[in-house]
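Engineer: Chains as they are written, first to last, in the working numbering: chain S, 260 to 505; chain D, 1230 to 1646.
Honestly, the hints are just simulated from the structure, not real lab data. Among the hints, a few may not be true.
[Said to hold, decoys possible] Footprint (simulated), chain S over chain D, 3 or more residues, beta carbon under 8 Å:
#1 1249–1260
#2 1310–1321
#3 1393–1402
#4 1586–1594
Glycine is no exception: its CB is placed at the ideal position from the N, C-alpha and C atoms.
Spelled out, the chains give:
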Amino acid sequence: MEIFVLAFFALGYLVLGGQDIGVGMVLPYLGRTAGERREAIAAIAPFFLGNEVWLVATAGVLAGLFPTLEGELLSGNHAAVVALLAGWVLRDMGLWLRGRLPGGRWQAFWDGAVVAGSWVLALSLGTLLGGVLLGLAGPVGIVPAVVVAVLFALHGLAFAALRLRGTLRQRAGVLSGGAAEWRTYALTAAALVAVGVIAGTRLDLASGATSAFLAPVVAGLIPFLVAAQAWVWWTFRHRVSGPSYL
Amino acid sequence: MDAVELARLQFALTAGAHFLFVALTLGLATLVAIVQTRATLTGSRVHMRMTRFWGQLYVINYAMGIVTGLVMEFQFGLSWSGLTHFAGNVFGASLALETLVAFFIESTFLGLWIFGWDRLNRWAHLALIWVVTLTAYASAFWIMIANGFLQNPVGHRLVNGGLELVDFGAMVANPAALTAFGHVLSAGLVVGAFFMAGVSAWHLRRRTHEQEFFRKSLRLGVGVSLPALFLTASFGGVSFDSMQPTKVAAWVNSPERLAEAQAQMEAVHGPGDYLPPVGAVHAAGTVMMTLFAVMLLVSLVSVVLMAFRPAVLRLRPWHWLLTLMIPIPFVTTIAGWLFRELGRQPWAVFGLLRTSDAVSPLTRGQTLASLVVFTTLFGVLIVVNYWLLARTARRDPGTVALGASRTAETPEPALSY
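Chain D extracted, bound-state conformation:
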């Protein structure tokens, strides 16, 4: 592999790892916020315990989302300075707004939510989880605006070999960004909903004494999964309207469509190979759609079954099925992401900047070194964190550390001379 291929592999591995954690964060944050709202409004003890249990899993997952995200944030300047040089004046704006209006607030308030558990007024504490959830959405929004620009550049003009932003409104209203934002957000809900249902089913299959706790959690998970699946499919379907002809051709995978798309591109950009890796794009799209059908079927059956309390408490084959479904939304999400990103090739900014022109002027050794460092580090951390997530998910909700009674600090002024 040459330096470009290595830089692409590094970006793909870190972005893919980041996306796994971000998808669960988006879904689980929403579910935790819903449960905590119920707990705060009604004073229900079981909902407060649910908030702590699911909140603990959310925090374990979120920590990995942060550290993988740090590398993503710096990777543009590190490995893709050709892209920041050419298009930084346009899509850099949405990256800047992501860090400032979204992540800065999200992280600050999440720290306050975790460490200020019984130090804050309960309404203030509830407001925090909602701000954390909404800023996670805002973060996804600005990232999809940046990504949407790379997929379907709008609102710019070409000046002295670089892009300038001329219409901020057009960039923000980019259909390739907005449909993808809705698609990703609802896909995150699907991931979170199947996670909550699958973990609850595991406990119910083991005849847990926490029946009310996991019965309510399973119903919430299953109940959210169905509308979230419909939303995901709707946004996904609409996004085909603003999709590049080359990606659509690869998805349809017919020789005529591919030849037509290639000819269209050649007419505009001159001779060259403008098709993405057709087999991989087609396979990724097929995996996404097939697994969507599987999830839809399981979700439909589950929505019916959850109306019957004996089934919720005792139907072991169904419990097995729901637990085995936990990884499926993750695989589907990654397949969807591969479909979108591989399908954009050979362009970094579609029709404007080739991927091979977007990389930093680094040697192959430099890129290989950073690839090895990040892959090793994240490989180990992903294994450790998923093991911990599974271990915490299987434990009794009474053992959760998050929000356990305060031992940390006693009020005494720091100003002592």
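Looking at chain S on its own, in the form it has when it is part of the complex:
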């Protein structure tokens, strides 16, 4: 049960958080003007708060159920985790701050922060997954990092194709040919889940002493957490046709 709980949140983050990371990575491609970029960001805006908490929850589950693994995984991949956090902070701040002032330069700067932050986030997640998956360290570790990052970018495109309209939707659908948007999304999501599952099988998943008590509590919470998220998905199930609050 402990492993199921950890997998649920970690894989949930790769699929849901991966959408936001991917759209951030391909933002300059999707949005050629400031207005288009704002519309592209509206594709992820209502979701990104609810999506990034899946990684926070993953860290919480590690702290509660796998405290030894948490320490080894995070401190043992120090540079990748520091980069991950820095990229994450930069991406979030870019999203929050871009619309706070009207100036074109201000918005372009923070759009740049969204793109840079998303790439750093994707590459450091890739390094972390690659390091765990293949045990690669040093310059060779860049190869799996780039592969995973590209996967995030494709996943972002697939999600954007489901959310956007018109020209932006066409651009996002460049790889899927515009027809089977849901199938493309299912494919990129499945690929991310596969990477996550394979990396997970390489971890030393010996749970801690508290997990016998804590794991059932957490598992019992999952339906409520999913229901809360489903309310967000249902509220914003329609396609974007203009800018959002961000």
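Keeping the supplied structure of chain S fixed, place chain D upon it in accordance with the hints.
Structural biologist: Then chain D, alone, in the frame of chain S:
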């Protein structure tokens, strides 16, 4: 500085930065929820506009609370794996519950509150801000349970050089955690109340045309500040009962008490230096108590003055005073936090694990690198966000973006083949 000192500095700077934003979040969320309740129950237009204006400031502040909190969440495993290895089976449980029962819901529903402004039924929208507020409290609760365990470990046993949880109820009922939770929550209200009163006073001093808007806001802020100050002091006073003898000795700062506390610790833990940095702990406590007295005085005078409408609208020296008071609760909160955390040293888990044994096996260069990355990033972001917060607070409430009429999406099914 060695690696331990650098890791402590990094933790102190990120936790301190996080706490600045969290304190205002706790207070402002409550005030926004109160105002939105009034707006929803009575259909009052001015209260709905107040909800949007104060809500906008709340959201700007909350965003910084999140990003600083992300680093906090990962920092335990990153820089303090000695602590997670030794005590993770006990205090990890409260960190896990914090992320799952509190932050996960808080963040999900806050997104719905912001982006679903005129897309949701107004009662559902009101329910969201209350859930966001209550989960912010729940978040503070579980964090204080974790912190309370580090201050006053209970409900555990030592097995094979690590701790195990044997009594979850005892951990949750830890007096060092519960008093601190009440103290932090009411301190957050003080921060939010002085913020609301000070910003309103700024507009009233400038003879704003939004008199009703800022008159009501000023009264709410001042009215909440006084009971919140009493609550903060009560919880703070009670918390001395469960405080470590070494911290109390540092606060009293008399040579006899310090020698006595040191001797007590030596009798249990063998020879060593068990006193916290006495000067710093004493200074932090003094700053906290002095500024509390200043706030109490200003709050008492303000509660009297706000009964007179001409004073609320026109008494400029008072307006100045309230605006200048905005930073004071922040400084007091940080001083209180320094008093609590510095006073625990040299222990990470009091009496069980020393801070020097709690750090991850990292090189000095690794810790220095992450310290530089986080300090630079947060230094810049804190300046930008406080500047934006001040800029937004000074603007006319009519210009607020939050809850502005819907432009984002039109309903059309996403399932189109």
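Engineer: Can you name, in rising order, the numbers of the hints this structure does not satisfy?
Structural biologist: The structure conflicts with hint 1 only, although it agrees with all the remaining ones.
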